[in-house]
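**Student:** Chains as they are written, first to last, in this note's numbering: chain A, 472 to 860; chain B, 974 to 1493.
Any given hint might turn out to be false.
What the hints assert, rightly or not - Which chain A residues stay away from chain B? Per the calculated CB distances, all over 10 angstroms, these:
#1 A538
#2 F649
#3 N723
Claimed, not checked - Selected chain A positions facing chain B (in silico; Cβ < 8 angstroms):
#4 F615
#5 H705
#6 T709
#7 A712
#8 A725
#9 H729
#10 A730
#11 G731
#12 K735
#13 R736
#14 V740
#15 I806
#16 A808
#17 G812
Calculated from the structure, these hints are not laboratory results.
Predicted model, so just to flag it, every value in this text is computed and none were measured.
The C-beta atom is built at its ideal place from N, Cα and C for all residues, glycine as well.
Here is what each chain is made of, one letter per residue.
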Amino acid sequence: MTGRGPSGTNPTHPGRRPAAVLPEGPTGAARSLERLADVLLRTVAPLLLALASGGLIVFALGADPFAFYSDVLRLGTSGSGSQQTLTAMAPLLLVALGLIVAFRAQLWNLGYGGSYLLSAAVVAGSAPDAFAVLPYPIALLALFVAAVAIGALLGLVPALLKAYKGTNEVITSLMMSFIAMGIANLLIRGVFKDPGVSVPQTRVLDLGLMLPYLPGTRVHIGVLLALGVMIVAHFVLTKSAFGLKIDVIGANPAAATHAGIDVKRMILVVFTLSSALIALAALVDMLGLWGYSRAEWNPGYGDKILPFVFLARLSPLGAIPLVGLYSVLATGGTIAAQRAGLSVDLLSVIVALVLFFMVAIEFLGTRVNLGRSYLGRGRFGRRARGGAE
Amino acid sequence: MRDPAPTLRVRGVTKRFGAVVANDDVSFEAWPGEVHCLLGENGAGKSTLISMLAGLRLPDHGTLEIDGESRELASPAVSLAQGIGIVYQHSALIPTMTVIDNLVLAQAGFWLDNAKARGHLAELNDLLGTEIDPRALVGELGLGQQQQLEIARAMWAAPKLLVLDEPTSMLSRQGIEDLMLSIRRLTAHGVAVLLVTHKLDEAIALGDRVTVLREGRVVRRFRADELKRDGEDHGAALILDAMFGGAEMRPRMPTAEHRPESRGIDGAVLDALVIEGVSTARGSEGTPLEQVSLHLRRGEILGVAGIDGHGQRHLAEVIAGQRAPTEGSILFEGRDITAANVRARQRLGIRYVTDDRLREGVVGSFTVALNLLLKRIGERPFWRFGRMDRSKVLAHAEQLIEQYGIRASSPDVSAGTLSGGNIQKILIARELTDDPNVVVFNKPSYGLDVRTARLVHEQILRVADSGGSVLLISTDLDELVGLANRTVVLARGRIVARIENDGDRVRERLGEAIVGSASR
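Produce the entire structure from the sequences given, and follow the hints as far as they go.
**Tutor:** So this is what it looks like as structure tokens:
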């Protein structure tokens, strides 16, 4: 077929003046209705379908799905549960943002596991010494620089290969991830190992040295940091020339080169930024929640948050409530599953179901017109619609 | 005499996309052993019709009958099984694979039988009168041969109806002649051919019947004898009438005063652009340049002729700054700009209207407004401190939409939904704004209908008339003869001939230079 869509989409009218320049199509109200329907179909529907089929599985395992879900909701949102949920959100938000930055440029950074774990190992392993010899803010800054540098370096290798050799970044970032995980384990078993305990883990950071709590809560300030970074990133990605360039590269790299955008440089910047954000998640998680890291340990944040990143259509603001939802499910679900006598792995099943229904809707969407794809145009393509003045 | 039923009967077919009626009650028939030409400008509804024949879309109303029986072509597999073979306008071949690999791809069954496929290809070579080598890499074939391979592939399952969508848009004259021969051999074997085109001469030369589409409707039907009775010019006039309505709407053909020799160029003026001994690296895409030197004077249109794929793309990209030369230098008004990047050259007024409109020229999912500013992202006054000024962006877009007659319902529609001609207008509007000094046009009218092509030619002349310089890369000799002051011929990345447009058998001399260089 020639290009996209039928050439009949824009019938030409010989002899007439060019069509009116001002938007004629749907009015503002109709358009926002359309957008709402789109969100319902593409974002809410897969979630509901996943929760419903998750409920069926709970039922099949002999538990009451309604009791289970109300337990999840209650345990995840009330009292200490809500504080745990917020704490869990901190690293998840930053990992989500790291993925969003890369995915918007259609660079598939799958090295999130290694970036997180190596950064976590180095931060947890060196934090006790850093805080011992340096004043607190300087030590914090040093750890921050170390974490970001580790992430950036891990991202730089697949980025260089992609930019200059055209290597598929899915493979290289995944391979880098395995290397980084291996190094993390070596470090924790070697130089960072706590000699006082028999299991291979780093020394546990003194509670007083961890990130402070928000007043009156047991939620560390990393959550605020993550939310702040998320909001700033949202505006940079959707409102700035830099964000637009990322979208151009994602939508059409050949056009980007043609338009004079330095695609190679952008690949390097975007990829290192993505990995650095994920490494930052590890810093926040180590200093805010865990205080130590253990060999062969992997919270698997990236794998779990990945479907939600697409559900949010790669919008940082859109990702916040979805990350919140997942955190509720994770915090409340763990205890609720134990209470109902179910395996905690049920949660992974529900996440997988979200991904499954999302793909199903995307597949249907290519057959019948179901509005925009999860991977459609960037925010710019959509935002620019509204603004005729 | 004739079979009782036509191979294909399209009966009252209507297809809508939202409010747009792409095909409105279209009816026609394709008979065995005949060439049926479907003629219409861009946006007339030809592609939609093909997509229904291919089983990619179903008509809203009306029926498609194969050999007299109404069929629902619900999928490409059904279409194939019903004996419809289709050659699309854009290549569907995989360039990194061999001819035979590309052919067995379409084959059914689990095991690939290369030996049998080679035998079948040999039969098809006989049928089409071609010499396609099964072991050749597709990417190394010339465009004409790739086209032959596409036809062989479409003929693989011995279809009753062969649909050709704009098959000549990329071909050299020789390629077109070979194609015409192949088509005649097919019809001699009783195959019905549906030739979709916007080129009048092809329709007149090949069509046993010609159906003219306009705005999705059939506006005229001709038989070959009606068109040929009073000479080809008269036939062309009849078709133009049908395609464009009244005579006042008919595209103008290049006239004498537009001829470069009458425009007069001051030979003493400075060279705007000088290219000295430029070579490029052998890469995955396109033929590299070898020691290319040329100079482009102010106000001049310099043509670059040659068979497609002989270094044209590298030449354009080297000038635009998208590709770094391995040796040689590029001077703009005496200044060495070899190291300058795309943005810097853009600011100097060096512009490039790419031939790869859809893949490189626009971001299809972005709005028309943003595509018009694609090369100026982040620049004032449209961006301030990294933030886009939406009202300025829209005002800029509205002005260009008006000035260049881009048919977009608003600056906010995505560029990918526009027709090829309108996308070309976007590119031209973008490249010609803000003092263009040197503009490279790469195959600017390829794939466009006559009227849009004419608009493009007027823009090219306007650049030259206002003192700018144009490098016009084209495979269309008439375009070069009509517009260029001089033409160089590119073959295998080298300049093999330089021909002044002095009115003395220029077209023939160009043709000889191209053919001579190709056979060497």
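**Student:** Compare the structure with each hint and give your call.
**Tutor:** Evaluated hints:
1. No beta-carbon of chain B comes within 10 angstroms of the beta-carbon of A/A538; the shortest separation is about 46 angstroms.
2. Every C-beta of chain B lies more than 10 angstroms from that of A/F649, the closest at about 29 angstroms, which supports listing it as non-interface.
3. With a cut of 10 angstroms on Cβ distances, A/N723 falls inside the contact zone with chain B, its closest approach being about 4 angstroms.
4. Interface hint at A/F615: violated, since its Cβ lies 25 angstroms from the closest Cβ of chain B, which is beyond the 8 angstroms cut-off.
5. Contact between A/H705 and chain B, as hinted, is not supported at the beta carbon level, the nearest pair being about 14 angstroms apart and thus beyond 8 angstroms.
6. A least Cβ separation of about 10 angstroms between A/T709 and chain B goes past the 8 angstroms threshold, and the interface hint is therefore violated.
7. Annotation: interface hint on A/A712 holds; nearest CB of chain B at approximately 3 angstroms, less than 8 angstroms.
8. Using the Cβ-Cβ criterion of 8 angstroms, the hint placing A/A725 at the interface with chain B is satisfied: the shortest such distance is roughly 4 angstroms.
9. The interface hint given for A/H729 is met, as the beta carbon of that residue sits about 5 angstroms from the closest beta carbon of chain B, less than 8 angstroms.
10. Interface restraint check: A/A730 against chain B, minimum CB-CB distance 4 angstroms, threshold 8 angstroms, status holds.
11. Annotation: A/G731 was flagged as interfacial toward chain B, and the flag holds, the nearest CB pair being 3 angstroms apart, inside 8 angstroms.
12. Look at A/K735: its Cβ only gets to about 11 angstroms from chain B, farther than 8 angstroms, so that hint breaks.
13. This hint is violated: A/R736 has a C-beta 11 angstroms from the nearest C-beta of chain B, more than the 8 angstroms allowed.
14. Because the beta carbon of A/V740 sits about 14 angstroms from the nearest beta carbon in chain B, more than 8 angstroms, this interface hint is broken.
15. Annotation: interface hint on A/I806 violated; nearest CB of chain B at approximately 44 angstroms, more than 8 angstroms.
16. The beta carbon of A/A808 is not positioned within 8 angstroms of any beta carbon in chain B (closest approach about 42 angstroms), and the interface hint is therefore violated.
17. Hint status for A/G812: violated, given a least beta-carbon distance of 47 angstroms to chain B, over 8 angstroms.
Hints 3, 4, 5, 6, 12, 13, 14, 15, 16, 17, counting from the list given before, are not met by this structure.
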